[in-house]
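Novice: Each chain, letter by letter, is given below.
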Amino acid sequence: MSARPLGPWFTDPRDPALFEALQGGLPLVPRPYAAIGEQAGYTEAEVIERLREWRRTGLIKRLGVIVRHRRLGYRANAMVVWDVPDDSVSQAASLICQYPFVTLCYRRPRRGSEWPYNLFCMIHGHDRQRVESQIRQLIEGCEMTAWPTATLFSTRCFKQRGARYVPAPGAVSLKSIEPV
Amino acid sequence: MNDIDRAIINGLQGGFPVCERPYLAAAEKLGLSEEELIERLQCLLDNGTLSRFGPMYHAERLGGALSLVAMEIPAADFDRVAEQVNAFQEVAHNYARDHALNMWFVLATEKPERKDQILAEIERVTGYPAYDMPKLAEYFVGLRLEV
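Top to bottom, those sequences are chains Y and U. Okay, so the first sequence: first residue is 2 according to my numbering, each after it adds one. Okay, so the second sequence: first residue is -12 according to my numbering, each after it adds one.
Calculated from the structure, these hints are not laboratory results. Predicted model, so just to flag it, every value in this text is computed and none were measured. Please note: incorrect hints may appear among the correct ones.
[What the hints assert, rightly or not] Computed from the model, here is a short list of chain U residues facing chain Y with C-beta under 8 Å:
| hint | residue |
| --- | --- |
| 1 | Ala(-6) |
| 2 | Gly35 |
| 3 | Pro42 |
| 4 | Val68 |
| 5 | Gln71 |
The beta-carbon is built from N, C-alpha and C at its ideal position, and this holds for glycine as well.
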């Protein structure tokens, strides 16, 4: 019996162990799913089946390289926000998402006079000047000039990762969770 | 960084194959051998370009809460508050930003109801309000970082 409820994702008692084994990353061996399976008590074929299922249902958002963007020279990190009328947010977002330099795009709640903005996007670039010109391009190209906007560049990064999401056992390190 | 590393990073940000020989399948698409791909990935991990090679889990689907939180902290108090906020194990990705709301971090809790408790605790310890901005919708972004 598992101490934790299996929930909708974990339909087999071995699933939490598989989830856990994958957290540190895939083994760099020719048959990684067989190696992971050994840790969780699954056969290679079972691991493949479970992973396909988790990917299909969205528990696994993506599978591949997770880069340290600062290491790659992406030091200009801008959060660009707008106050867009509620009935126009989706349309504005779909235009914004067409620009390849936009890495994330979300709708979030306004927070009174302190924070009137409801549409957020992130742009990661090599230098600030370039990112600023991309933002101008975005605002003009998406015909968003009428809406109040602000750009918030990051000036310091205190904690890029390392927090724990779920206390042990079954601990999920935040490094495997997408930054918001 | 050479062209091979660039191709690996650009080509493998998602969609890594789930089959018996995934490195072989991915390597073929990149015009590499299986051995070469494994070796380059090991290098990129060793030199810190990659933090991991594997799955990115979807936090909300795990049943937890994930939010973006902003605070307005006077410059003189900033380091103290940053230290207090970062001491919470539920806090990650804390950035200083150039706005009146100058501290922005991600809050992730195992149980959704825990989020409000942690927010209240952060406000109590630091003495400043924390503005919770959970995502209401996420829009599809096709391309990711290109190197």
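Novice: Tell me, which hint numbers fail for this structure?
Specialist: Those not satisfied are hints 1, 4 and 5.
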